[in-house]
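Q: Based on the hints, put chain B in the right spot on chain A.
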Amino acid sequence: MSEEKKIKPNEILAGIDYNPPATGWMDTPVDFKKGTFCNSVPAKFMEYLGQPQPHEWKSYQDDWGLPDNWREIIFEGMRERLKKFRTFRVFMDICVRCGACADKCHFFIGSGDPKNMPVLRAELLRAVYKRDFTLAGKIMGRFVGARKLTVQGIKEWFYYFFQCTECRRCSVFCPYGIDTAEITMMGRELLNLLGLNIGWVTEPAANCFRTGNHLGIEPHAFKDSIEFACDDVFDNTGVKVEAPINRKGAEVLFVSPSADYFGTPHYYTLMGYLLLFHAVGLDYTWSAYASEGGNFGLFHSHDMMKRLNNKIYHEAKRLKVKYIIGGECGHMWRVLHQYMDTMNGPTDFLEVPVSHVTGTRFDHAASTKMIHISEFTADLIKHNKLKLDPSRNNHWNITFHDSCNPARAMGLLEEPRYIIKNVCNNFHEMPENTIREQTFCCGSGSGLGTEENMEMRLRGGLPRANAVKYVKEKHGVNCLACMCAIDKATLPPLLEYWVPGVEVAGVHEFVGNALNIEGQNERTVDLRGEPIKEQEEKKDA
Amino acid sequence: MLKELLEHRQTEILKKWFDRVVNGYKPEAARFLTGGGDRFANPVRHTLLTEFENIFSFLWGEGGDERLSTALENIIKITAVQDKTPSKALGFIFVLRDLLFEEVAADPALDAGIKQDMLVSCVHQTDSLVSLGFDIYSRCREKIYEIRIKEIKSQRAGVMARGVVVDG
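First to last, the protein sequences are chains A and B. First residue of the first sequence: 1, per this note's numbering; consecutive thereafter. First residue of the second sequence: 1, per this note's numbering; consecutive thereafter.
Treat each hint with caution, since some may be false.
Said to hold, decoys possible - If you anchor each label on the Cβ, the simulated ranges turn out as follows:
#, chain 1, residue 1, chain 2, residue 2, range
1, B, 39, A, 524, 39 to 45 Å
2, A, 87, B, 64, 55 to 61 Å
3, A, 61, B, 113, 57 to 63 Å
4, B, 57, A, 61, 45 to 51 Å
5, B, 121, A, 33, 37 to 43 Å
6, A, 522, B, 67, 43 to 49 Å
7, B, 121, A, 96, 52 to 58 Å
8, B, 153, A, 522, 30 to 36 Å
9, B, 149, A, 87, 39 to 45 Å
10, B, 66, A, 244, 23 to 29 Å
11, B, 67, A, 61, 44 to 50 Å
12, B, 153, A, 540, 27 to 33 Å
13, A, 534, B, 117, 53 to 59 Å
14, A, 540, B, 88, 40 to 46 Å
Everything labelled a hint here was simulated from the structure, so no lab data went into it. Glycine is no exception: its CB is placed at the ideal position from the N, C-alpha and C atoms.
Excised from the complex, chain A in its bound form (with noise of 0.2 Å):
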């Protein structure tokens, strides 16, 4: 070959362009690809729960069946909620665009959308603000960053408001303290007046408005499965255990995610809730009305989250409690802790939790009346009152994922390390900045964990399994615990993917193991029904 005649690296590559769009954000529109969002809400749930403009619609077709005066429907539905809500005006008015919140979205880092950064993301809606209620977008427009809002726009608003997971790590860096997931929040509200939403949080909320849970359960299936799982703690442990429901008198009403008595892994984690409140002598009761402790309102709108929540101090009235404790569940804890005292308060009707066994009066839940279980297990442990042999899980060397809500909605931050050190013999932190404040989400909360969704949240959940890889790689770590249900769920085909051989699982399911009771078996198996010896012989292979 001739120096005239050589290859130029440009003939061969033709066709294939390697260079982004060179328009701005304002300019680049949505392109609806399988696999990055989630299907559209059917109007039959939308009907149920009463909400405007139900219709049947595709978010991937040009028509989306908008009514006529959609446009004034929105600013209608701005204007009201500016009025009410101080902080979505504040939060509107104070971003100075400083990008300190830019680069820490675990979508933006796992995809390189710029729109998926917070700041841009919440533009969306700002930008619209600005060009209609404000003087200065009036007169100066695009030149300070106003925009009209079209068809397209609010296409961008469903495809990327339904791409937050409203995790709140943005607004731990946020100088100006704007909770980026209050923007989501309204963005959404403004969505559903055009009866536009996702399959996967109207449904459940519409479930869980008719039989007091997420998945439609009703109570005769709800008492089943709770049983059911009573003869799985028997089975494994030889302890026979007593889940009472609906008992008037008890003093405690117990509310775990309903994913805790249907899905793998909470299944483990809610026969660990059993052994513990046994061996512990509690006096209680679960509700087969508020039968979820989750509650898919908040990913919904303001009032439905308020309808939700309602339901479980209505049966904590209804069943005469003094407290309620709550299980491992993530935005239910940002409901209660953020929102619920507000919304549905005072319950005067309840007394402050004190711990029957250790006396502990939880002064923190002095309002609400309702603590986390983990809250209830540290106190015990702390006091000595439980007879734990750790041993029994060192089949898993366990890193902890904080779950966003429990992390940053409440601060609960200490008490599952302090379980997980005293029930476990090997347990390994992930790097600094991707847990406690900081931690990173699993990518598929608020509503987002769904099938068709998968490939978004395997590009939002890379920065969780690439810190889980480092310490698997570094400590040889095969499980990951969390407090959430949504985690429990999401995680597991997350970790498939980026990271193969590491389990998920609750921390009630590692004290389960680890509790001694009187009456049980040699305990050969763990909760899962797996031999114990036999794991660890593996782990350490």
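A: Same frame as chain A, but now just chain B:
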């Protein structure tokens, strides 16, 4: 001889490789990827930098196919879920081929015959990367669909196993 030439220019080639690949992302993402942050705050940047270096050294026989395959897999797992067409997901290999060609062509000390041999060698090496990469990309995409199916099945299995009737 090609190996020595490229090893001598390794730092420059790796830098160009990284810059060109990163410039294929949207400008805001490119700024992020070329910016700071440790391996946990900026995992894509870290993966690209680390694995480009590994690929470069393994490509000329050090480390073997298995390590080359692992390095490729760590990158392609990311690009396979990043809203890219298959050709773009493997585009980073073609960028390397461009660079190798440019390096060989730009060396004034080489005569035409030697350059031709070197270019053929570059084609062979990068072709093998493309072949490996294509297999890995397909496996990644298959895995995504497998996980989706598994998730649907496990949800239903949970219902069936406990005899729970779910309505709606």
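Q: Now tell me if each hint is right for this structure.
A: So, going through the hints one by one against the coordinates:
no. : hint                        : result
1   : B:39 <-> A:524: 39 to 45 Å  : holds (41 Å)
2   : A:87 <-> B:64: 55 to 61 Å   : holds (57 Å)
3   : A:61 <-> B:113: 57 to 63 Å  : holds (60 Å)
4   : B:57 <-> A:61: 45 to 51 Å   : holds (49 Å)
5   : B:121 <-> A:33: 37 to 43 Å  : holds (38 Å)
6   : A:522 <-> B:67: 43 to 49 Å  : holds (46 Å)
7   : B:121 <-> A:96: 52 to 58 Å  : holds (54 Å)
8   : B:153 <-> A:522: 30 to 36 Å : holds (34 Å)
9   : B:149 <-> A:87: 39 to 45 Å  : holds (42 Å)
10  : B:66 <-> A:244: 23 to 29 Å  : violated (57 Å)
11  : B:67 <-> A:61: 44 to 50 Å   : holds (47 Å)
12  : B:153 <-> A:540: 27 to 33 Å : holds (32 Å)
13  : A:534 <-> B:117: 53 to 59 Å : holds (57 Å)
14  : A:540 <-> B:88: 40 to 46 Å  : holds (43 Å)
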